[in-house]
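From just these sequences and the hints, can you work out the full model?
So the chains spell out like this:
2 protein chains.
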Amino acid sequence: MDKVKSYIEKNKDRFLNELFELLRIPSISAQSDHKPDMTRCAEWLAASLMKAGADHAEVLPTEGNPVVFAERIVDPKAKTVLVYGHYDVMPVDPVDEWRTSPFEPVVKDGRIWCRGADDDKGQLFMHAKAFEAMCATDSLPCNVKFLLEGEEEIGSPSLYKFCADNKKMLKADIILVSDTSMISMQIPSITCGLRGLTYMEVEVTGPNKDLHSGLFGGAVANPANVLARMVASLIDENGHVTIPGFYDDVRELTAAERKAFNKAPFNLTEYKKALEIGDVEGEAGFTTIERTGIRPSLDVNGIWGGYIEEGTKTVIPSKASAKISMRLVPGQDFKKIAKLFEKHFKAIAPKSVKVKVKFLHGGMPYVAPTDMPAYKAAEKAIADTFGKKPLPFYSGGSIPIISGFENILGIKSLLIGFGLAEDAIHSPNESYGLDQFYKGVETIPLFYKYFAEK
Amino acid sequence: MDKVKSYIEKNKDRFLNELFELLRIPSISAQSDHKPDMTRCAEWLAASLMKAGADHAEVLPTEGNPVVFAERIVDPKAKTVLVYGHYDVMPVDPVDEWRTSPFEPVVKDGRIWCRGADDDKGQLFMHAKAFEAMCATDSLPCNVKFLLEGEEEIGSPSLYKFCADNKKMLKADIILVSDTSMISMQIPSITCGLRGLTYMEVEVTGPNKDLHSGLFGGAVANPANVLARMVASLIDENGHVTIPGFYDDVRELTAAERKAFNKAPFNLTEYKKALEIGDVEGEAGFTTIERTGIRPSLDVNGIWGGYIEEGTKTVIPSKASAKISMRLVPGQDFKKIAKLFEKHFKAIAPKSVKVKVKFLHGGMPYVAPTDMPAYKAAEKAIADTFGKKPLPFYSGGSIPIISGFENILGIKSLLIGFGLAEDAIHSPNESYGLDQFYKGVETIPLFYKYFAEK
Numbered sequence: 000m001d002k003v004k005s006y007i008e009k010n011k012d013r014f015l016n017e018l019f020e021l022l023r024i025p026s027i028s029a030q031s032d033h034k035p036d037m038t039r040c041a042e043w044l045a046a047s048l049m050k051a052g053a054d055h056a057e058v059l060p061t062e063g064n065p066v067v068f069a070e071r072i073v074d075p076k077a078k079t080v081l082v083y084g085h086y087d088v089m090p091v092d093p094v095d096e097w098r099t100s101p102f103e104p105v106v107k108d109g110r111i112w113c114r115g116a117d118d119d120k121g122q123l124f125m126h127a128k129a130f131e132a133m134c135a136t137d138s139l140p141c142n143v144k145f146l147l148e149g150e151e152e153i154g155s156p157s158l159y160k161f162c163a164d165n166k167k168m169l170k171a172d173i174i175l176v177s178d179t180s181m182i183s184m185q186i187p188s189i190t191c192g193l194r195g196l197t198y199m200e201v202e203v204t205g206p207n208k209d210l211h212s213g214l215f216g217g218a219v220a221n222p223a224n225v226l227a228r229m230v231a232s233l234i235d236e237n238g239h240v241t242i243p244g245f246y247d248d249v250r251e252l253t254a255a256e257r258k259a260f261n262k263a264p265f266n267l268t269e270y271k272k273a274l275e276i277g278d279v280e281g282e283a284g285f286t287t288i289e290r291t292g293i294r295p296s297l298d299v300n301g302i303w304g305g306y307i308e309e310g311t312k313t314v315i316p317s318k319a320s321a322k323i324s325m326r327l328v329p330g331q332d333f334k335k336i337a338k339l340f341e342k343h344f345k346a347i348a349p350k351s352v353k354v355k356v357k358f359l360h361g362g363m364p365y366v367a368p369t370d371m372p373a374y375k376a377a378e379k380a381i382a383d384t385f386g387k388k389p390l391p392f393y394s395g396g397s398i399p400i401i402s403g404f405e406n407i408l409g410i411k412s413l414l415i416g417f418g419l420a421e422d423a424i425h426s427p428n429e430s431y432g433l434d435q436f437y438k439g440v441e442t443i444p445l446f447y448k449y450f451a452e453k
Numbered sequence: 000m001d002k003v004k005s006y007i008e009k010n011k012d013r014f015l016n017e018l019f020e021l022l023r024i025p026s027i028s029a030q031s032d033h034k035p036d037m038t039r040c041a042e043w044l045a046a047s048l049m050k051a052g053a054d055h056a057e058v059l060p061t062e063g064n065p066v067v068f069a070e071r072i073v074d075p076k077a078k079t080v081l082v083y084g085h086y087d088v089m090p091v092d093p094v095d096e097w098r099t100s101p102f103e104p105v106v107k108d109g110r111i112w113c114r115g116a117d118d119d120k121g122q123l124f125m126h127a128k129a130f131e132a133m134c135a136t137d138s139l140p141c142n143v144k145f146l147l148e149g150e151e152e153i154g155s156p157s158l159y160k161f162c163a164d165n166k167k168m169l170k171a172d173i174i175l176v177s178d179t180s181m182i183s184m185q186i187p188s189i190t191c192g193l194r195g196l197t198y199m200e201v202e203v204t205g206p207n208k209d210l211h212s213g214l215f216g217g218a219v220a221n222p223a224n225v226l227a228r229m230v231a232s233l234i235d236e237n238g239h240v241t242i243p244g245f246y247d248d249v250r251e252l253t254a255a256e257r258k259a260f261n262k263a264p265f266n267l268t269e270y271k272k273a274l275e276i277g278d279v280e281g282e283a284g285f286t287t288i289e290r291t292g293i294r295p296s297l298d299v300n301g302i303w304g305g306y307i308e309e310g311t312k313t314v315i316p317s318k319a320s321a322k323i324s325m326r327l328v329p330g331q332d333f334k335k336i337a338k339l340f341e342k343h344f345k346a347i348a349p350k351s352v353k354v355k356v357k358f359l360h361g362g363m364p365y366v367a368p369t370d371m372p373a374y375k376a377a378e379k380a381i382a383d384t385f386g387k388k389p390l391p392f393y394s395g396g397s398i399p400i401i402s403g404f405e406n407i408l409g410i411k412s413l414l415i416g417f418g419l420a421e422d423a424i425h426s427p428n429e430s431y432g433l434d435q436f437y438k439g440v441e442t443i444p445l446f447y448k449y450f451a452e453k
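Respectively, the protein sequence lines represent chains A and B. For the first sequence, numbering that gives the first Met the number 0 gives the first residue as 0, with consecutive numbering after it. For the second sequence, numbering that gives the first Met the number 0 gives the first residue as 0, with consecutive numbering after it.
In short, the hints are calculated from the structure, not lab data. The beta-carbon is built from N, C-alpha and C at its ideal position, and this holds for glycine as well. Hints should not be assumed to be uniformly reliable.
As the list claims (entries may be wrong) - Mimicking DSBU-like on lysine-lysine, the simulated pairs with C-alpha atoms at most 30 Å apart in a straight line are:
| # | chain 1 | residue 1 | chain 2 | residue 2 |
| --- | --- | --- | --- | --- |
| 1 | B | Lys34 | A | Lys208 |
| 2 | B | Lys208 | A | Lys34 |
| 3 | A | Lys258 | B | Lys350 |
| 4 | B | Lys357 | A | Lys272 |
| 5 | A | Lys271 | B | Lys208 |
| 6 | A | Lys208 | B | Lys438 |
| 7 | A | Lys208 | B | Lys272 |
| 8 | B | Lys357 | A | Lys208 |
| 9 | A | Lys357 | B | Lys271 |
| 10 | A | Lys271 | B | Lys353 |
| 11 | B | Lys271 | A | Lys350 |
| 12 | B | Lys271 | A | Lys345 |
To be verified - Here are some chain A residues the structure puts well away from chain B; computed CB gaps all over 12 Å:
| # | residue |
| --- | --- |
| 13 | Arg13 |
| 14 | Pro25 |
| 15 | Lys50 |
| 16 | Lys76 |
| 17 | Thr79 |
| 18 | Arg250 |
| 19 | Arg326 |
| 20 | Asp383 |
Written out as structure tokens, the structure is:
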């Protein structure tokens, strides 16, 4: 392992420069005008993995953005690790809140500032460089396959079919994923739970055109007011989601489980201070970490209608819309929740408006067993580099494809992420600590070592 | 009057071409990048009024957009009519709903399609051309002054001071305004009531940056959800505005007055059909024409927050905002309502968010007496051209400066508008019927005649 470590040390500046090349490609999957960037990004990655030591690397078409597949088979009898990551990134708006250009990486205060710096280009690139270091020093103890997709941020719509069509190619003992966070650099953790997701869009239509709010105000239902009313009614005064059946399949934790769960380090005062909020808000009867870890939630991710520019316009808009997503916990089925949402939202619409409800994407919740060999290997590897045994951690986030992997390929995933809350993924000014990046590159080869040991 | 009529007939095509020149200037007062268009529009109007027969016409500066003033004094002892209009127009978004270019007038189906075709360029230009026809045929029986402003659509912020500073120059017996609508071409009407307006903007801030909705969803108040909740709570299930004190000063009509008011022709089935709505919605216990004519209302004119582009983004926005305006009726004071709104909106904010409340603009309600000489003169003039005595009509709209004129200049306004509901002012595809335009040009000289008669 010393050889690997010194290889990393010697090449660390080049690793960073290469990551910067990757970060400069604005591969936003949600916006169709970035289509050419997706292909460019995939090709860049395939070339990079070839140089790193892959036997072969390919850009494979899907119904959507291409997938990068690469592999190096050291011994057909050795264990096989399938590294999953995504090269697509979130949109960058509101652009004017970025302190630096979103796609021009800058190092400042020991951090890389750029969209994708953490999520997930920075994290997936740690795997590419750890792989290179092991190849270069002839110390790769497992077969390695890379599966890098370009649609994670939009719910991986093409990857399910791709997996079903390529089961043999993707055969592995474990799927290794760095797309999550740790509690802190002092309190390392491994994510063993992910929430599921159901993402909907609704449109409320009132009159057939925008109306003068003086001539019609008070007599015609205003879809913006109606939408506000309908959205408000989705959560009651106790923070409960009011959609009938929403909680039916939620696995309720036992008192002992809840007690254990709440032992995770958490400081409410610091939490509020970091977010500059006067108070937290959520489901009555649950702690903050329970609210994000083991309870489902409902959030408006976007709302719009009427005149939203400078100044005033006295208008009753014809339409108002919202993007609403729900995070789900084990037991809940994202498709069933989508149906319940649609049925309820249509049921609560007054006669004065018409509503359209569209399912945008979703995914199942996931729980990783803490007793599987890969978890144990990761625990050891992290203990070596962080000097502390990592805690199991339930993330509120979702990586819908993870449960897809289990269903389609029959392979469990290990979520060994090196992100931190302060990385501000999905927000303006996303960043990734240089220490997080290099610590990741250093930890990964140790994982391979312990995982290969059996 | 025959001379005037034949002059109009002979010049009608030129009148239209001139109006088109005026309509092509995109004088949107709400958007500061249109500043140069405001001056260009004012200068065009001053030149046009000079050519029409004014003794002099000037573009006068104000603290905001310039005012056009022109006059022709025929006899210091004759009555003086002050024509008021506004050359600024509403913003044009949503632009993609326009069937033709918003600032390129097109005649189709007997109508002029363009932003400002009715409101108010088309209507004010009828006065310019009626004035020209009277001057050219030596049949102007009154002194005429023109006061055309460029800030009506943003609440006339500079005109109050301009009036206070120029009382002598603006001295007149009546203010003549065409900036309202008739019931229909078959049922002509004169507007004798206008609602007042209080226009506010609110901003709800939760966390100090956009957050990942998975990592924080369920635990942190989402300002978009909170805004929806707060906005929804402003109107109760009976359609009453819940702001304490909101109705305190509303003048309630007597049973007899309400009975008379409801005699105005109105067909609910046709109203719903024209707007393609399943039902109307408003304050319980009042009819649709009462809801817009004599009752105050509250409308969201715009709402926005979070990700509103194509696709999905799993974000808890840091902020969400809304533009909310209230229409007021006689008795209500727009400044008092603004204060009540601000106090209430701040009071209902949960501890989990911060709110900002901003007053954007406002104006007082107005009632025109139906027994003043100008009203009687207009009644006769309209009866001549429309073949039917016009009905008094209460509009739900607002022209805030009208009550300002009464307070500052001590002059009543006569609201002789030739618009129709189908003109879709403030909406995409605004239009103005050629018959409305020419009927207006023809009616105005008759008004002068009857008004001069005493």
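Hints versus structure:
1. Lys34(B) / Lys208(A): Holds. Lys34(B) to Lys208(A) sits at ~28 Å (cutoff 30 Å).
2. Lys208(B) / Lys34(A): holds, 28 Å
3. Lys258(A) / Lys350(B): holds, 28 Å
4. Lys357(B) / Lys272(A): holds, 27 Å
5. Lys271(A) / Lys208(B): holds, 13 Å
6. Lys208(A) / Lys438(B): Holds, at roughly 27 Å.
7. Lys208(A) / Lys272(B): The hint holds at about 13 Å.
8. Lys357(B) / Lys208(A): holds, 28 Å
9. Lys357(A) / Lys271(B): holds, 27 Å
10. Lys271(A) / Lys353(B): This hinted pair holds, its Cα atoms lying about 13 Å apart.
11. Lys271(B) / Lys350(A): holds, 12 Å
12. Lys271(B) / Lys345(A): Distance ~21 Å between Lys271(B) and Lys345(A) Cα, so the pair holds.
13. Arg13: Label holds. Min Cβ-Cβ 31 Å, cutoff 12 Å.
14. Pro25: Correct as stated: the minimum Cβ-Cβ distance to chain B is 14 Å, above 12 Å.
15. Lys50: holds, 33 Å
16. Lys76: The assertion about Lys76(A) holds, with a minimum of 39 Å to chain B.
17. Thr79: It holds; Thr79(A) is separated from chain B by about 29 Å at its closest Cβ, greater than 12 Å.
18. Arg250: Holds, since 16 Å exceeds 12 Å.
19. Arg326: violated, 5 Å
20. Asp383: holds, 27 Å
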